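Asker: Sequence:
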Amino acid sequence: MFLDGGQGIILDFDKVMQTMVASESNVQELELGKKKKSQEEADRISCLHDAIIYHIFSFVSTIDVVQTSILARRWRHLWTSVPTLDFDDDEFSIANGEDEFVHFVNKVQSCYKAQQIQRYHLSIKQARNSNFLETWVRFAVEHNVQELYLDLPHGRPFEVSFCQSVRVLKLHGDLKLPASGCFSSLEHLSLLGVQLTNDNGILDVTSEHYPLLRSCSLKSCMGLNCLNINCSLLEHLDVENCFDLDQLHVSAGKLRFLSVQSSFTYGIDTGWVEIAAPSLQTFEWLDYITDNFSIGNFTCLKSAHTSLVFHYHPEKKESYMKNARKFLHHLACAETLHVEMPCLWGLHSNKELLEGLSTKLFNLKHLTLLVSLDDHVLRGVSCLIRSCSNLEILHIHTIDEHIQEELNNSFPDLSHFDQRESWSYQRRPLDHLSEAKIYGFRGKEHEIEFMQFLLEHAITLKRMIILFSGQVFVDQVMKTQMAEKLMKFTKASPDAVVSCP
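At position 124 of the sequence shown (counting the first as 1) the number is 135 in our numbering, and the numbers step up by one without a gap.
If a hint is listed, it holds; no wrong ones were tucked in.
Straight-line C-alpha distance at most 25 Å; calculated SDA-like pairs for lysine to any residue: (1) Lys230 x Ser270; (2) Lys124 x His60; (3) Lys376 x Asn334; (4) Lys265 x Ser176; (5) Lys502 x Glu456; (6) Lys181 x Phe68; (7) Lys187 x Phe169; (8) Lys490 x Val509; (9) Lys187 x Asp99; (10) Lys337 x Ser273; (11) Lys136 x Ser231; (12) Lys473 x Gly454; (13) Lys181 x Arg139; (14) Lys333 x Ile306; (15) Lys333 x Glu295; (16) Lys118 x Phe68; (17) Lys333 x Thr281; (18) Lys455 x Ile476; (19) Lys448 x Gln463; (20) Lys502 x Phe464; (21) Lys455 x Glu495; (22) Lys473 x Val508; (23) Lys333 x Ser305; (24) Lys187 x Gln175; (25) Lys230 x Gln258; (26) Lys499 x Thr471; (27) Lys448 x Thr471; (28) Lys230 x Thr217; (29) Lys181 x Ser262; (30) Lys181 x Leu144; (31) Lys490 x Lys502; (32) Lys181 x Lys230; (33) Lys499 x Glu403; (34) Lys502 x Ile404; (35) Lys136 x Gln206; (36) Lys181 x Phe254; (37) Lys181 x His165.
Between beta-carbon pairs, the in silico distance windows are: (38) Arg167 x Lys313: 35 to 45 Å; (39) His406 x Leu223: 31 to 41 Å; (40) Leu223 x Thr310: 20 to 30 Å.
Rather than coming from a laboratory, the hints here were simulated on the basis of the structure.
Bear in mind that the values here come from a model prediction, so they are computed numbers and not experimental data.
A virtual CB, placed ideally from N, CA and C, is assigned to each residue, including glycine.
Work out the full structure, taking the sequences as your base and the hints as a guide.
Answerer: Right under this line is the structure:
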């Protein structure tokens, strides 16, 4: 193996093969040399069982595995039955006009003796190396490959077909998924950076196509307009950065984890979401919420994370508020809820809608908020806290001032209100609060009043932890003054301890 000026590895496969079939005398000389070594330097690795050596081989690329053939007689043909094959053209360069990568892959596969491949990983960055793609993948399929990983160049659509044995399939590149029946054993599907070449942009992931599918991950997939999920055994679904997505239909009775992030296009009236997942335990929705949004009751829900992103239009305020309230109602069974600011900073603007939200999150024990504790946010926060009658832990992360300035410019009509009046009815939700933790505390008037309210009404509070923002943290005088002021507030709980580390 030689390094070509840092440009890559030049490997002459024929020379390697010649080394592998070295003369018996050369092998004997090597072995005699080894016998002269002390017992402490003995070759213990060669004494390991084949299964253990194969397991070690699974962590390195095939090019390195092949070169172990020169170590000793036992290693000479061991690589020809290794259950994992890993080919990456980044490890090769062109030498003497011949593509070493293509030559190497073809040679390895022609010498391969195992009946089954556990994992086959093919990574092609250079389009010139994809001419044998169909042949190489067919080789893996014919050897009953269990795990198939394909990282292919864009510009040449490739259809994966006849993969009856595959249990794990991870794809990257321009791909066209095959028809029904080709993935009868598939349990885990991952599409990363895939450009779907289907004409209609529809991807159907159903029990008919994937009867044993348990997890599905779609990230940064282009050309995906409509995703239909209907798998009876599916437990994990992750959709992220699929920017062309317009419709999502999910029906999975055993689904436990669902995450949708940054995929729906804002302003598309045809956006449609339907989710039927009665067994869902973890739900993440960090995306736009469409007008056509239908989700069933998540009676098994344990944890939820949401950021109801929308772009402000005064004429759509009421529609958004209704959707936000409806969405939060579906999270009523959650024990842990993480809510990012966009679904809070407008909640104060419609009193009738706020009233309809109260006392709904009856199971919630741990609430995390990403907000700005300014006057136009506090009413939304108070409303949400009022919905959590059994809340025990409250964590609040305050947003950056620059982001707050942008929001103020986007919402010039946000009204101000008396914080004391807005909190006057908030007694029962604080009966169980035992911990409050504030991140990025800047000491603004509204933040201090909020801390004071918590201390005066949380009758079971044990600890309040206040972490100052960077600007306040470095100003020791300001930090000390704020800490002293907070310590003087009346505490409803005799066990409450306020700390400002």
